[in-house]
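Chemist: In order, the protein sequence lines correspond to chains A and B. Numbering of the first sequence is given in the numbering used here, commencing with residue 1 and proceeding in unit increments. Numbering of the second sequence is given in the numbering used here, commencing with residue 69 and proceeding in unit increments.
Hints should not be assumed to be uniformly reliable.
Unchecked claim - Residues from chain B that keep clear of chain A, each with C-beta distances beyond 12 Å, as calculated:
(1) 87
(2) 100
(3) 117
(4) 136
Stated by the list, open to error - Covered by chain B, according to a simulated footprint, are these stretches of chain A (three or more residues, beta-carbon under 8 Å):
(5) 21-28
(6) 47-56
For the record, the hints were derived by calculation from the structure and aren't laboratory data. From a predicted model like this one, the values you see are computed outputs, not experimental measurements. Note that beta-carbon positions come from the ideal geometry of N, C-alpha and C, so glycine has one too.
2 protein chains.
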Amino acid sequence: MDWGKIVGANVRRLRGERGFTQEQLAHDAGIDVTYLRGIEAGRRNPSISVLGRIATVLSVRPGDLLIT
Amino acid sequence: MDWGKIVGANVRRLRGERGFTQEQLAHDAGIDVTYLRGIEAGRRNPSISVLGRIATVLSVRPGDLLIT
């Protein structure tokens, strides 16, 4: 199972539903927008603390970003 | 929220319920036992791919390791 791709698809979907740009989400989560783009593309392997920060901004639980 | 501590407590609890030693879980998940001990102690910030490998060995979903 490629959890990077699953997280990426979930982040991209939830960000769109909440009307955030990549720049807004990256800023509010305290990560670089280049890193966020890599996460959304499924090319990165983020840590649980980064997952937690993104989840907080998107008002979901971190586990929701791992749903298949 | 300290996701490292939450993951650590969940891994330790689920590993105990399934009757795995730290050595068995670390071996089957392909990580060093020292690293697993650090995860269980809440001192590490594992990646989602490590989370996925531990979850697979414990027969849970990775999101279950992030439940508060």
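Chemist: Would you mind marking each hint as holding or not holding in the structure?
Modeler: Results for each hint:
Non-interface status of residue 87 of chain B relative to chain A is upheld: no Cβ of that chain comes within 12 Å, the nearest being about 24 Å off. In this structure residue 100 of chain B is separated from chain A by more than 12 Å, as the shortest Cβ-Cβ distance comes to about 17 Å. Taking the minimum C-beta to C-beta distance to chain A, about 5 Å, the non-interface status of residue 117 of chain B is violated against the 12 Å cut. Distance check on residue 136 of chain B: its Cβ comes as close as 8 Å (rounded) to a Cβ of chain A, failing to clear the 12 Å threshold; non-interface status is violated.
With a threshold of 8 Å between beta carbons, the proposed coverage of the segment 21-28 of chain A by chain B is violated, since 0 of its residues qualify and at least three are required. Restraint check on the segment 47-56 of chain A versus chain B: 6 residues with Cβ-Cβ distances below 8 Å, three needed, restraint holds.
Violated hints, in rising order: 3, 4 and 5; the structure is consistent with all others.
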